[in-house]
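2 protein chains.
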Amino acid sequence: MNRDKIITIVGLGVVGGSYALALSKKGYTVFGVNRSQESLDAALSAGAIKEGAHSPEEFFAKSDIIIIALYPNQIVEYLEKYGKYIKNGCLVSDVAGIKSCFVDRIVGGIPSGCEFLFCHPMAGREKRGFKYADDKVLQGANFLIARTDSTSEHAVTLMSDLAKDIGFGNVRITDVATHDKVIAYTSQLPHAIAVSLINSDDEDSDTASFIGDSYRDLTRIANINEDLWSELFLGNRDNLIATITSFEEQLGAIKKALCDEDEVLLKKLFIKSSQRRVLLEKKK
Amino acid sequence: MNRDKIITIVGLGVVGGSYALALSKKGYTVFGVNRSQESLDAALSAGAIKEGAHSPEEFFAKSDIIIIALYPNQIVEYLEKYGKYIKNGCLVSDVAGIKSCFVDRIVGGIPSGCEFLFCHPMAGREKRGFKYADDKVLQGANFLIARTDSTSEHAVTLMSDLAKDIGFGNVRITDVATHDKVIAYTSQLPHAIAVSLINSDDEDSDTASFIGDSYRDLTRIANINEDLWSELFLGNRDNLIATITSFEEQLGAIKKALCDEDEVLLKKLFIKSSQRRVLLEKKK
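Chains as they are written, first to last, in the numbering used here: chain A, 1 to 284; chain H, 1 to 284.
Where hints are given, some of them may not hold.
Unchecked claim - DSBU-like, lysine-lysine: derived pairs with alpha carbons at most 35 angstroms apart:
id : chain 1 : residue 1 : chain 2 : residue 2
1  : A       : Lys-267   : H       : Lys-131
2  : A       : Lys-164   : A       : Lys-62
3  : H       : Lys-255   : A       : Lys-282
4  : A       : Lys-131   : H       : Lys-136
5  : A       : Lys-268   : H       : Lys-136
6  : A       : Lys-268   : H       : Lys-81
Just so you know, these hints were derived from the structure itself, not from any lab.
In isolation and in its complexed conformation, chain A is listed as follows:
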């Protein structure tokens, strides 16, 4: 990998900050753009960025790669405002958890001579801000590239190489529609479940004394950034509603087996889930 590229990260939150740390460690030249001075100062003193600024004009004019690590809805607006400063030939990318809802506006709005590649690093934390950024969260994580009709091979190769260079494990190339369908199941549904599990607690019980690792694991992501996740949920609502319905059917099967005292069916469901979980670990 040729590391003499100049890269600008917009948004030094947990994901953008982790990218910046990982890229700088590998020797890339990284500039950071962020609204708050506090995060810029922290990123500078952590060595995550070479220079920081509140707005991107100067950095965009000299960057080979731009990664916009903002909330999905902010990306379109950001490009409308600052797209004109982007250098010809630049590859622009994102880290958003959903894609379909803004793909057309971005593909239509990106300056000619540049390309936008839709990327989704499957790494994050329930906390917010640069102080929780850590390049370790990227190590071995899945990296998704969601193609559109206008995606070039060059862009896919460049980002795949970059992702692997900073530690991502498996790079999976898919299309935007498949990405959003599968992500509704693997990412948004687990968050909906975690939220529902902890919210269904009987508030009178001293729950903390009655829990083991399983409850702790299943509710970790119930501590959720409400602004980001309401956007992800609503921006992918048809897929998410469909996957919630499939899940409800499976849980309904367990409930019915309990009502019917159907031990055979319960065991069948448990054997199926065990086999699938073992298979998942093998594919890791």
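With chain A's structure known, arrange chain H on it following the hints.
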């Protein structure tokens, strides 16, 4: 804690084996009973037990404490068969995840001069057998004691001290009915959810490439011992059905908010779940 007690563990699986390891390390004299010679040999060579046997007559006759680490349904039968060998004054206990379904049969069947104390260590693993036993899983874990009308203060104090001595964190004393109600929510419901989540996967998709830590965390316990857990589910079915229903209502609220595109309600649910999760960590 007076460690010159003689303790017999019946069943050297993950939980029984972990107890044996922890107790032996602390200097208690531990005897182990297990059907398979393989586990007895492994426990002996790991220093988890002083002696092992396939049946308990000899050990029961000299033990001060007996911990029956078998499946719930096996405990009653085991005591019917071997109860007569138990030494006068012995404290007998269990590790079962549910209680109400066999409490009466045990309290009625325990030899006079002995006491049975219902205990539930909130520690375990998704794997089976002594080779996965590890006293580390007990460290800091919750330990539940479920009282009945005939539970003595002496027994509660003795087991609380023993649990703390081998590394358990919080010891929570409750009653059998409350235990089963809360455990349906904190233990069985998470397992029902994990099973349903992985079973609702579209089998055609290459899911493993699309997952992050959240999906991995939420499905870990979908690898489930079907014999044990069908017993736990069916033995606590009324409580479990009630808690599944509460959970369904919460998930239904998210689904409705999606259908209605109700961002305000979604955020409200997320803020509530986040506050509860933060509170849970504080109480740890």
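How the hints compare with the structure:
The suggested pairing of A/Lys-267 with H/Lys-131 holds, with an alpha-carbon distance near 24 angstroms, which does not exceed 35 angstroms. Proposed proximity of A/Lys-164 and A/Lys-62 is supported: the alpha carbons are some 24 angstroms apart, at most 35 angstroms. Pair hint H/Lys-255 plus A/Lys-282 holds up; C-alpha atoms about 33 angstroms apart against a cutoff of 35 angstroms. Between A/Lys-131 and H/Lys-136, the direct Cα distance comes to roughly 31 angstroms. Compliance with the 35 angstroms bound is thereby established for this hinted pair.
Using a Cα cut-off of 35 angstroms, the hinted pair A/Lys-268 and H/Lys-136 holds, with the two alpha carbons roughly 32 angstroms apart. Of the pairs offered as hints, the one joining A/Lys-268 and H/Lys-81 holds, with about 32 angstroms between alpha carbons and a cut-off of 35 angstroms not exceeded.
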